[in-house]
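*Asks:* Here's the letter readout for the chains.
2 protein chains.
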Amino acid sequence: MKDDEKILLAHGGGGEMTTQLVRDVILVGLGDTATGSLDDSVVLQVQGRIAFTTDSFVVKPLFFPGGDVGRLAVCGTVNDLAMRGAKPIAISLGIIIEEGLLVSTFRKIVSSIAAAAREAEIKIATGDTKVVERGSADGIFINTSGIGEIADGVEISLGGARAGDVVIVSGAVGNHAIAVLAQREGLAFETTVESDAAPLNHMTSALVSEIGNGVHVLNDPTRGGLAMSLNTIAAASGVAIEIDERAVPVDSAVAFAAEMLGLDVLTLANEGKLVAIVKDGNEAKALAVLAAAGARPAVIGRVKSGGGVTIRVSGGGTRILEIPYGEDAPRIC
Amino acid sequence: MKDDEKILLAHGGGGEMTTQLVRDVILVGLGDTATGSLDDSVVLQVQGRIAFTTDSFVVKPLFFPGGDVGRLAVCGTVNDLAMRGAKPIAISLGIIIEEGLLVSTFRKIVSSIAAAAREAEIKIATGDTKVVERGSADGIFINTSGIGEIADGVEISLGGARAGDVVIVSGAVGNHAIAVLAQREGLAFETTVESDAAPLNHMTSALVSEIGNGVHVLNDPTRGGLAMSLNTIAAASGVAIEIDERAVPVDSAVAFAAEMLGLDVLTLANEGKLVAIVKDGNEAKALAVLAAAGARPAVIGRVKSGGGVTIRVSGGGTRILEIPYGEDAPRIC
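Protein sequence lines, in the order shown, are assigned to chains H and Y.
At position 174 of the first sequence (counting the first as 1) the number is 174 in my numbering, and the numbers step up by one without a gap.
At position 205 of the second sequence (counting the first as 1) the number is 205 in my numbering, and the numbers step up by one without a gap.
Read the hints as simulated data drawn from the structure, not as lab findings.
These figures come from a predicted structure and were not determined experimentally.
Possibly wrong hints are sitting among the right ones.
As the list claims (entries may be wrong) - Straight-line alpha carbon distances no greater than 20 Å define the calculated EDC-like cross-link-like pairs of lysine to aspartate or glutamate that follow: (1) H:Lys60 / Y:Asp138; (2) H:Lys60 / Y:Glu99; (3) Y:Lys60 / H:Asp4; (4) H:Lys285 / H:Glu210; (5) Y:Lys6 / Y:Asp138; (6) Y:Lys6 / Y:Glu133; (7) Y:Lys279 / Y:Glu155; (8) Y:Lys60 / H:Glu133; (9) H:Lys108 / H:Asp4; (10) Y:Lys304 / Y:Glu242; (11) H:Lys2 / H:Glu98; (12) Y:Lys60 / H:Glu99; (13) H:Lys60 / Y:Glu133; (14) H:Lys6 / H:Glu99; (15) Y:Lys279 / Y:Glu322; (16) H:Lys108 / H:Glu210; (17) Y:Lys60 / H:Glu98; (18) H:Lys60 / Y:Glu98; (19) Y:Lys123 / Y:Glu210; (20) Y:Lys87 / Y:Glu155.
Stated by the list, open to error - Covered, in the sense of this in silico footprint (three residues per stretch, anywhere, with C-beta under 8 Å from a C-beta of chain H), are these stretches of chain Y: (21) 42-54; (22) 73-83; (23) 89-96; (24) 134-145; (25) 215-226; (26) 240-254; (27) 272-285.
C-beta: ideal position from N, C-alpha, C; glycine also.
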């Protein structure tokens, strides 16, 4: 298909034109990251426990500094698997296209999917493509579901935090949401903020292999940010979490933009950061492992007995870090 | 949440309002068909080979005689797994809602998902919900992905047809597409045509357990209908398929509507029918097994050596049954 061609309703009909779109654009773009011909289903050999997850991506705009909807779709699902201590093995690709999307735009997204899949070392194993009329979608929506294998003895879940544990974040927070919002609203800051979208499976795999059961919880603070992530962990584990505002890494351009937009950086989505809660005494090793994997990690707090999340603020005193209510930053993933 | 409430963009923000929508509408509606709290991922115990599949559903209108988008979303993915001879064990639920959808409408769809899941005896294991602005989607889009276990020794694939095999269809074709088209276009026929949307896993499981490796191919003729299904099988298996037009079961109301709309019933989508290609000599048993499972099956043709699909037409003579090109009936699934 030609780059300046537009995708038509008929490309979603399941006939010859769908085959053409899948073959000429999707399979060519995915290259060796696709297994076979993306048939209705794929057969995989697995053993023991698997993690299974799904996510839809409706980010607006489709392209932003540091990423696009394709990169997000791969990283989001890979990371959900990685946060269970699973080794991601295959993801599916469910695409809904708005009629009129340029083939060149679609090619860019598919090529970004392939690049992220290579980075994460996973395969695109099965797919589905639908096309809806103009005005019935917004460019393209992508669903990815994923399967990962969990090695024997690995027990990582949101409910694993214990009083005394140490709370670590793998790097500066808020970059993804600010990158998307700035792009969408046409805001220019002195420094361009880039999305942190990245697969985290190599990082979690290093943590698990170096620290083993000293890793109690892994979570990626996406929608709702660090505030949602920590509250979810505290509730699932039946513990309190206390963090220190000054210890949370925030890039200055992100802090400035959040201030300008009236947003709390702790509620902003990340797509390439993780929270690791480790058993007391493992924090130095965890920081070293994360740093060796390219992160700039920091200890931000402690797990206590009780419930809820509190934050020691810069000026002194503490406040409750609440679950975000609605949505400050819509459609950032 | 109240029935006359509208779903807002903020319900997709990942915060407290998302939790409320998931808890009050999705989890309540799914009841015992949901495992746990539909966390970011679920851990499953599996063994050996699994089938993995994905499908997005963008049917318009959302409700039609015999089904709705929720029923389709469960049946479509269950059936893709069943056609590999797999026993479906879990599906994911990725939902994209257009802002303004009534809670009562969403509740109806969720309850239909639960009913279909009960019928298929599978669990909804993980989920994700996004909300986009009015005009950026069309009511609701649903992606389901699924995992099924394939028993040792079961080898069913599109490439399994051999010359001499017998081609069986499990019942009348074209009903689903006509049901959706008639509803969308406001067409009234003397008899209301209902969609055949149904999970086929119990039927395929009976076929496999009764006939074993005598079942060479299973396929559900969805988008592109019987024409697409048979052509796909012929190409994947490197064989020719010859069918007899008079042997293909078609309900008279469907035949009449297709005639009126200028559509070829052999290219119309089904959501509760299967094509089974069995080794010569197994056809009587296959028909009996299918009939016992509630189908009205028929032998429609034979596999030959060569390539392509031909059809002996009613008036005598044969024609090539081609792969449908574009889309006669858009957004029927």
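*Asks:* Hints first: check each against the structure and report whether it holds.
*Replies:* Cross-check of the supplied hints:
{"no.": "1", "hint": "H:Lys60 / Y:Asp138", "result": "holds (17 Å)"}
{"no.": "2", "hint": "H:Lys60 / Y:Glu99", "result": "holds (15 Å)"}
{"no.": "3", "hint": "Y:Lys60 / H:Asp4", "result": "violated (29 Å)"}
{"no.": "4", "hint": "H:Lys285 / H:Glu210", "result": "holds (8 Å)"}
{"no.": "5", "hint": "Y:Lys6 / Y:Asp138", "result": "holds (15 Å)"}
{"no.": "6", "hint": "Y:Lys6 / Y:Glu133", "result": "holds (12 Å)"}
{"no.": "7", "hint": "Y:Lys279 / Y:Glu155", "result": "holds (13 Å)"}
{"no.": "8", "hint": "Y:Lys60 / H:Glu133", "result": "holds (11 Å)"}
{"no.": "9", "hint": "H:Lys108 / H:Asp4", "result": "holds (13 Å)"}
{"no.": "10", "hint": "Y:Lys304 / Y:Glu242", "result": "holds (7 Å)"}
{"no.": "11", "hint": "H:Lys2 / H:Glu98", "result": "holds (18 Å)"}
{"no.": "12", "hint": "Y:Lys60 / H:Glu99", "result": "holds (15 Å)"}
{"no.": "13", "hint": "H:Lys60 / Y:Glu133", "result": "holds (11 Å)"}
{"no.": "14", "hint": "H:Lys6 / H:Glu99", "result": "holds (8 Å)"}
{"no.": "15", "hint": "Y:Lys279 / Y:Glu322", "result": "violated (25 Å)"}
{"no.": "16", "hint": "H:Lys108 / H:Glu210", "result": "violated (37 Å)"}
{"no.": "17", "hint": "Y:Lys60 / H:Glu98", "result": "holds (14 Å)"}
{"no.": "18", "hint": "H:Lys60 / Y:Glu98", "result": "holds (14 Å)"}
{"no.": "19", "hint": "Y:Lys123 / Y:Glu210", "result": "violated (26 Å)"}
{"no.": "20", "hint": "Y:Lys87 / Y:Glu155", "result": "holds (13 Å)"}
{"no.": "21", "hint": "42-54", "result": "holds (count 13)"}
{"no.": "22", "hint": "73-83", "result": "holds (count 3)"}
{"no.": "23", "hint": "89-96", "result": "holds (count 6)"}
{"no.": "24", "hint": "134-145", "result": "holds (count 7)"}
{"no.": "25", "hint": "215-226", "result": "holds (count 3)"}
{"no.": "26", "hint": "240-254", "result": "violated (count 0)"}
{"no.": "27", "hint": "272-285", "result": "violated (count 0)"}
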